[in-house]
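Undergrad: One-letter residues, chain by chain:
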Amino acid sequence: MLVILTAIGAMTGLTIALAILLVIANKKLYVYEDPRIDIVEDMLPHANCGACGFPGCRPFAEALVNSETNPGKCTVSSPDGLDAIAGFLGVDAGSEEKRVARLACAGGKNVARSRAAYTGINTCRAAAQVAGGGKVCSWGCLGLADCEVVCDFDAISMNRFGLPVVDEEKCTACGDCVDICPKDLFSLHAISHRLWVNCKSLASGDEILEYCEVGCTACGRCAMDSENNLIVMENNLPVVDYSKNSNTKKPIQRCPTGAIVWLQPDGSVVKGEESPKVLRKSELPPVSS
Amino acid sequence: MNESLSFIFINACLVNNFVLAYFLGICPFLGVSGNIGTASRMGGAVMFVMLVSSMCAYGIHLMLVAIDAPYLQLISYIVVIASTVQLVEMIIKKFSPALFRALGIFLPLITTNCAILGLALFQTNKGYDFIQSLIYALGAGAGFTIALVIMAGIREDLDIADTPKVVRGTAIVLMVAGMLSLTFMGFAGLGG
Amino acid sequence: MTTVVAKKTFDHGVHPPTFKDGTVKREIRQFPFAKVLIIALSQHLGAPAKAIVREGQEVQRGEKIAESGGFVSVTMHAPVSGIIKKIGWAPSLNGKMVNSIFLEPFPASGQTIEPSTPCDVDTASADEIIAAIQEAGIVGLGGAAFPTHVKLKIPEDKSIDTLIINGVECEPYLTTDHRVMLEQQDDIFMGIRYILKATGAQRAIIGIEANKPDAIISLREKIPAGLPITVEAVKVKYPQGAEKMLITALLGREVPSGGLPADCGSVVVNVATTAEIGRLLPMGRGIIERSITITGPGVEKIGNYLIPIGTPLRYALEQAGLKKNATRVILGGPMMGFTVSSLDVPITKGTSGLLVLTDHESQLTIRKEYACIGCGYCLDACPIFLNPSRMGRLAKFEQYDAMEKEYNLMDCFECGSCSYVCPSNIPLVHYFRVSKGIIRDKKASA
Amino acid sequence: MNQAELDKLVEAPNSWHMVRALAGIGLMCALLIVTTYELTFETIKQNKAEVLERAIFKVVPGAQSKTTFIVKDGQVEKLQGESNSGLKYYAGYDDSGKLIGVALEAAGQGFQDIVRVLYGFSPDKQAIVGMEVLESKETPGLGDKIEKDETFLKNFEALDVSLNESGDNLKNEIIFVKNGTKANPWELDGITGATISSKAIAAILQASASQNMPFLNQNIENFKQQ
Amino acid sequence: MNVLNKTLEIRTSPHLKSAVSTDQIMMHVVIALVPTTLFAIYAFGLAALLILSVTTFTAILTEHIYCRLNNKETTITDWSAAITGLLLGLTLPPALPLWMAALGSVASIALVKLLFGGLGYNIFNPALGGRAILQAAFPVAITTWHPAFLADRFSSIPSSSFAWPFTTGTYDAVAGATPLGNMKFNQVSTDVTDMAMGLTSGSVGETSAVLILLGGAYLVARNMMNWKIPVVIFITVAILSGIVNFFNPNTPTPMFMLLSGGMMLGAVFMATDMVSSPVTDRGIIAYSVIIGIMVTVIRLWGGLPEGMMYAVLMGNAVSPLLNRSLKSRVYGTGKKGGAK
Amino acid sequence: MNEANNKLDTNTFIKGLWKENPVFVQVLGMCPVLAVTNSATNGMAMGLATAFVLIMSSTLVSLLRNFIPKQVRIATFILIIATFVTVAEYLIQAISIDIHKALGAFISLIVVNCLILGRAEAFASKNSVGKSILDATGMGVGFTFALLCLGGVREILGTGTFFGIQILGASFEPWILMILPGGGFFTLGAWLLLFNYMKERKAAKMQEATA
Ligand SMILES: Cc1cc2nc3c(=O)[nH]c(=O)nc-3n(C[C@H](O)[C@H](O)[C@H](O)COP(=O)(O)O)c2cc1C
Ligand SMILES: Cc1cc2nc3c(=O)[nH]c(=O)nc-3n(C[C@H](O)[C@H](O)[C@H](O)COP(=O)(O)O)c2cc1C
Ligand SMILES: Cc1cc2nc3c(=O)[nH]c(=O)nc-3n(C[C@H](O)[C@H](O)[C@H](O)COP(=O)(O)O)c2cc1C
Ligand SMILES: Cc1cc2nc3c(=O)[nH]c(=O)nc-3n(C[C@H](O)[C@H](O)[C@H](O)CO)c2cc1C
Ligand code: SF4
Ligand code: SF4
Ligand code: SF4
Ligand code: SF4
Ligand code: FES
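Protein chains in written order, with the numbering used here: chain A, 1 to 289; chain B, 290 to 481; chain C, 482 to 927; chain D, 928 to 1153; chain E, 1154 to 1493; chain F, 1494 to 1704.
The set of hints was computed from the structure by calculation and includes no laboratory data.
The beta carbon of each residue, even a glycine, is placed where N, CA and C say it ideally should be.
Keep in mind that the hints are not guaranteed to be accurate.
Keeping only pairs whose Cα atoms sit at most 25 Å apart, straight-line, the calculated DSS-like set for lysine-lysine is [stated by the list, open to error]:
| # | chain 1 | residue 1 | chain 2 | residue 2 |
| --- | --- | --- | --- | --- |
| 1 | F | 1692 | E | 1225 |
| 2 | B | 454 | C | 849 |
| 3 | D | 972 | F | 1594 |
| 4 | F | 1594 | B | 415 |
| 5 | C | 877 | E | 1170 |
| 6 | E | 1170 | C | 501 |
| 7 | A | 109 | A | 281 |
| 8 | C | 886 | C | 849 |
Some chain D residues judged to face chain F by a derived CB distance under 7 Å, without partners named [said to hold, decoys possible]:
| # | residue |
| --- | --- |
| 9 | 943 |
| 10 | 944 |
| 11 | 945 |
| 12 | 948 |
| 13 | 949 |
| 14 | 952 |
| 15 | 960 |
| 16 | 963 |
| 17 | 964 |
| 18 | 967 |
| 19 | 970 |
| 20 | 974 |
| 21 | 978 |
| 22 | 997 |
| 23 | 1068 |
Just need the whole structure built from these sequences, with the hints factored in.
TA: What follows is the structure in structure tokens.
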């Protein structure tokens, strides 16, 4: 009996002391914190295992609330739990139109020539530093897939001619590809912008067709015929004014080379009737010096 | 056997390293060893908590002996250690946010950790007196920190290594821990 | 040949073979005019020059054809009398298209140059000299093509005690500076007088690598009385010619990280630049040609040539003769020079050499890449005491932040010593150039 | 989410509930623990005693019963109830109640950690007649041969610990010798491959015996009453 | 007119390259090990020949198979697997069952090297990592020594060598004691010249200090080895053991410390492994000092007679930290940087 | 909060065995996993002890979940867990002192096994008693299974026996490494490697299937 009494006495004493301590601590030592931290912490598994790279669940929750990390870093929680956290923290998506990354070059290896053979680190960034990378068109895509690699969302894939193709569905407009491309070929556009100038060459004249069959020669026809100045020529390139009604396929019909195109949601492009059909499936040989 | 203080320290720190020989505190060892800075701060926090809990455990042990209630050992150790550490955490948080950022955030992770409780239990089992217990805690904490920081250094290197995909993550960390454990076996018999 | 003992140098560095014997004895010779000269409007660091001629306009040799587009920019002069064919894009050394003036020489264009207003060293003020240098279109001929007048305009809060004339020419193969030091000694001394006056420096040191004893000895003998000039021999080691290394070797000072030579009381000017100042300013002319070493195993007639600015490489190589197995055309020396992707690139003011390598060298230098084995050769080579081994690994795994913040990436001046020695054939400098670019971009967009 | 919404998420802590919950659960836990403790107490005690007895009977071969003694103020007395402090001497007796040996614990540094052993001393033979390792972390398969290796355990059939003339120390120190070279009864034949561990046993026994044997011999009469 | 009949090559500078490459460095290490290897075979006979062939061959084979399984080009041409195998063999006792040697070789390459990413990425020295694994797995076998210069060493093979895989070997009755074992367990010292010349027993390749130093000198002359590492290790060990020996003459002399056990082989060929040692200058010094201290401490005060392997592994383990914390002063920073 | 979790109950049980195995997938509670798995028996005993504590404390936590204020949640959970660990410790001692000795302090250390607190927090405090028991049993069995996997491998290679029974023949040379601490790390590392490998292969197959 004594044993039981000792035990009960000791335990009750201990727990009440603990409770009082906690109560006092809660009142006296209270420090305001974003309550979402508590809630998010609640949603975490409380394993305090550190697998997320943070020293415990709470610091991780703090980081989550401050959007310094993402829920997926917690390997312990179930996917549902993670979704719940993401849902809880998710900011209102808003009603802005979805934007996607768009590439302004059509010079795949079957239509655009190179003139020098690059060897070295196999990235566009590195190649661009070595005499611009060896493509004749100094504005064109180098095709070494930095953008494909940088895209965390798997939205970019290189086609057989070494041109990146963006999957509109997967693209989140994070802008990473825009930043990485050494030739600045990507830009973010509202998904409804389908009339597209697919070239960045500032050169003019038909000479450029010798090394890129689909380049813009700056002939200016698209601009001349466009209604309401939808298209104007700037620096040898047509510029579409998307604040006007750009939902017209007319300009693509004017282009003799197919540099101005209509983008299809599936990633393919429609070119004007007049533009030469590119049937070549092989790479063009390099021009000799 | 009355063990000398230096022996207790070396033994707890190197020969029978808490992590590498006793497998105590593996969770933080795996979790918080990704970065040298974090690891060393974590090590400091562990040392601190070890000292605190060593003292707590010593006191409770005396009390339990007095009221002859050995069966309450475990529950009272864990409760007292946990609440003391939590109190300390709250105090730090209130009065020194900077220190809290540096050390405090590690405290909850440490409290519910084998190394701390293990230390308390072992020191009681070994019948250490107060000073011996403190040295034991210091040695164990130092050993934990050494192992953690070495591991962090190695992991920072592994982050920029061509490790095969299948071993990335915890698997390779365990392999490194295995090698470290073998390395620490070299200390066997030291101080004896 | 007499030898000179040199003790002064910097720590670390590498010893590539020099390959200078082929051209070192060849005097600088005049080069003919090409069918069209292409004068790029931005062939220096800084703002491009602004063309002041129209298409179809006739110009005289030496006539100003473009004016500087700002303070960090210089004037351009017509290298030859002829007609402006067009103003448009032309390829450049870095692969970008740049605006250029295409000048077609008159069939019988001679070597006479338009007279102009001179700048007298004894009467002109420091500012006048600096303005004259800008007007003469002078940029650093040592390679970087940085407008010289900008460098010589010492900021108010700094002062210069020593002018260092860089006659090191540590790049293998190149010998133009060496030739200039033998052939244009008076111009060099005259140039030094101008620069001393412009910068307010009290003395000048000409630093020359010990493998050019003839230049060292004869320059020493010719120092005009009263001019505070010494000629110092420095050890043969790459990159002894980099200004930081030369300052350290000669003065025992270090240029602070992120700073300029002026921050440690000195300014460094290349000998050819100095000679050009001394040659042009007394006559008030502008740069229209420069001396260049055309060399390498891929060239038939190697030598040192005085070549009109704007000569396309194609023409230069036709004249010098290319061997069949030539594969790489490099502007500059083999350690820091750039390969070109097009022979339509013209010679610019910053071009100090034209080096052509062949299949044979390609095979020697394309070697299997291994992972870094931590041999530490690169650390022992890096004159800046960086850790290329670590940075290479970080770059490979795209950890640019750590490279910059923990390993001082931005202090790397891309000398290539690390790549040269790396037994694992890791393209270290290339990684560093790319990484620096990415970091700069990130900063610019932030 | 605005501040008001955020604040709504924080419930005000109710102190009474906290105390109630903790104390209630504490009470429940105490009951649970104590019940288990009481229910298992006897079995555990018995188990432990059995284990101890087994060990004692092993190191004092032939013993059938045991009595525990402790030293209090220099006097040997029987242990009443339990005690956790001080060295205990377990006297073993045969059927007839005759003292045939005393078992005691000793400990020291082994290869990896402290090794604790129990050994039996026979006053008749003036020798150690048995040794059992109670606790060791020696390498399994190697150092733990000190528990299992038969040739090694043979050392303890009769390891001489007779006293010198003056009776204040051992006549011959217990010393370690290489395997197979044992020539004298006070030598401990080592284990090849576990030299360090077996040497440690020799050292532990030497230290303990040189301290305890004179005392035991002087007070042997006190142990004779069961 | 085209002056050039091919496509231009474009590449980044520098366009020159020093002659040494990694595979050559590795090859020269093998060359430097030749005298030691030959001596090992001379001293221990067929047993040494067998064990060295088994470890080397298994190492190469393991690496080759790994590359094949991963559809990668084989990496055995870089010689590093051969070095690992050879060095592992040189650190094993001559009469070790061959299956254990092979297992150790697999562990070296697969576990300690390839799992970490292969050449250049391993944290621990593969050969010593493999040896540590063997030592922990079979501590008895790996501390059972075979005498050198037996008369019949070229005609008979120790019976333990051919133990069936996974079974315990039966050892020949003649067991040799190594100088370190004698020191630790019997307090008997060994003649210093004997150890220098390699007349003692021990691991296959550790006995001849002179030939090991010769190989080291060859590599140092070719700048393929950092001489500071062995030198600093030797100095540290000599100073520490000298001090201890001064106060307690029963402890080994500095000369004994340097010439016994794996000290020479370890300091010259294993601590110098570029991959697992630090790269920075000060890091290398600290690394060597740590190794020196640890080996002395283990030998003098630890339970084991030898600690070279553990010392080097500990050095490897702290290398990343040393690299990080002991950087060189970058040009233009620090006290010199601000100077005018 | 866990409304979404109304899936089939077998799933609650099964997931602990494999998909969310506490050892191989969540890598939780590693200390006992490594420390006591030098033999299959020890692993099994430890697994069962942990499972016992896990199930009992989950049950109690779930029962009391509406009675416990949020602020003292963790404290009460720890109390409950510590209680059951103490209970388990006495039970084991009553069953066999030898097993108790082999497991040593690690029985007490079950208290701090992250798995138990983790389940109490993440599951039991939010779900009905039935589901909590199911979850705890699943996790407990998964944990025991993992410990058995480790203990089995380590015992077989390290001593040549399995549950104390000689299976590799008397002449087998045991790999002592396996029962040393280093071997524990290596073995767990190898198991995780195996799991990663299987995951990779599955992912590769899935990709093939979709492509
Ligand atoms: C790695 C490296 C090597 C250099 N080598 C030389 C050289 O050999 N000769 C030279 O005149 N300038 C060399 N320079 C350029 C000098 O640093 C410095 O810019 C130049 O001497 C300044 O003179 P300038 O502006 O008249 O060209 C080198 C630069 C670097 C980064
Ligand atoms: C992994 C490992 C564990 C060891 N464990 C023990 C041990 O528990 N006990 C021991 O006496 N020696 C141990 N040793 C030490 C060696 O076996 C030592 O070389 C041996 O004791 C020397 O004895 P010998 O001279 O009889 O061969 C161990 C060695 C290693 C490598
Ligand atoms: C580089 C090298 C490192 C070694 N490291 C160790 C070691 O750490 N521990 C060890 O027991 N033996 C090691 N050995 C083998 C020892 O040299 C061997 O143990 C020594 O000859 C002493 O034998 P003993 O342990 O029987 O005294 C190593 C050998 C070499 C070549
Ligand atoms: C001087 C020198 C010493 C070496 N020592 C070792 C060694 O001890 N162990 C080893 O496995 N490889 C050694 N290597 C080879 C190589 O570095 C080793 O295989 C890599 O560690 C594998 O990544 C050495 C290489 C050199 C150049
Ligand atoms: S778009 Fe840019 S980044 Fe992408 S492949 Fe082309 S050049 Fe490279
Ligand atoms: S990187 Fe970002 S913006 Fe570019 S395609 Fe991918 S998701 Fe879209
Ligand atoms: S390129 Fe940069 S890192 Fe390499 S040696 Fe030169 S300065 Fe150092
Ligand atoms: S030279 Fe190459 S292999 Fe050697 S340390 Fe530097 S990067 Fe690594
Ligand atoms: S089980 Fe997590 S620290 Fe031990």
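Undergrad: If a hint holds in the structure, say so; if it doesn't, say that too.
TA: Results of checking the hints against the structure:
1. Taken as a hint, the residue 1692 of chain F and residue 1225 of chain E pair is honoured in the structure, with Cα atoms around 21 Å apart against an allowance of 25 Å.
2. With a CA separation close to 23 Å, the supplied pair residue 454 of chain B and residue 849 of chain C stays within the 25 Å bound.
3. Taking the CA atoms of residue 972 of chain D and residue 1594 of chain F, the gap is near 15 Å; set against the 25 Å cutoff, the hint holds.
4. For the suggested pair residue 1594 of chain F and residue 415 of chain B, the alpha carbons sit about 15 Å apart, so the restraint of at most 25 Å is met.
5. Proximity of residue 877 of chain C to residue 1170 of chain E is assessed by CA-CA distance (about 21 Å); at most 25 Å being required, the pair is judged to hold.
6. A distance of roughly 17 Å separates the Cα atoms of residue 1170 of chain E and residue 501 of chain C; the hinted pair therefore holds under the 25 Å criterion.
7. Among the hinted pairs, residue 109 of chain A with residue 281 of chain A is consistent with the structure: their alpha-carbon atoms are about 9 Å apart, no more than 25 Å.
8. With a C-alpha separation of about 31 Å, the suggested pair residue 886 of chain C and residue 849 of chain C falls outside the 25 Å cut-off, and the hint is violated.
9. Below 7 Å, beta-carbon pairs count as interface contacts, and residue 943 of chain D has none with chain F, the closest being about 9 Å; its hint is therefore violated.
10. Checking residue 944 of chain D against chain F by beta carbon gives a least distance of about 4 Å; that is within 7 Å, so the hint holds.
11. The closest approach between the C-beta of residue 945 of chain D and any C-beta of chain F is roughly 5 Å, which is under the 7 Å cut-off, so the hint is satisfied.
12. About 5 Å separates the beta-carbon of residue 948 of chain D from the nearest beta-carbon of chain F, less than 7 Å, and the hint is met.
13. Here the hint on residue 949 of chain D is kept, as its CB sits about 5 Å from the closest CB of chain F, short of 7 Å.
14. A hinted interface residue such as residue 952 of chain D counts as satisfied when its beta carbon comes closer than 7 Å to some beta carbon of chain F; here the least separation is about 5 Å, so the hint holds.
15. With 7 Å as the threshold, the beta carbon of residue 960 of chain D comes within range of chain F, its nearest partner Cβ sitting at about 5 Å, so the hint holds.
16. Taking 7 Å as the C-beta contact cut-off toward chain F, the hint placing residue 963 of chain D at the interface holds, the least distance being around 5 Å.
17. The beta carbon of residue 964 of chain D is positioned within 7 Å of a beta carbon in chain F (closest approach about 6 Å), and the interface hint is therefore held.
18. Because the smallest distance between the Cβ of residue 967 of chain D and any Cβ of chain F comes to about 4 Å, under 7 Å, the interface hint for this residue holds.
19. With a least beta-carbon distance of about 4 Å to chain F, the hint placing residue 970 of chain D at the interface is held under the 7 Å criterion.
20. The beta carbon of residue 974 of chain D comes within 5 Å of a beta carbon in chain F, closer than 7 Å, and the hint placing it at the interface holds.
21. Given hint, residue 978 of chain D at the interface with chain F, holds; its Cβ is 5 Å from that chain's nearest Cβ, closer than 7 Å.
22. Hint on residue 997 of chain D is violated. Least Cβ distance to chain F is approximately 23 Å, over the 7 Å limit.
23. For residue 1068 of chain D, the suggested interface contact is upheld, since its CB lies about 5 Å from the closest CB of chain F, less than 7 Å.
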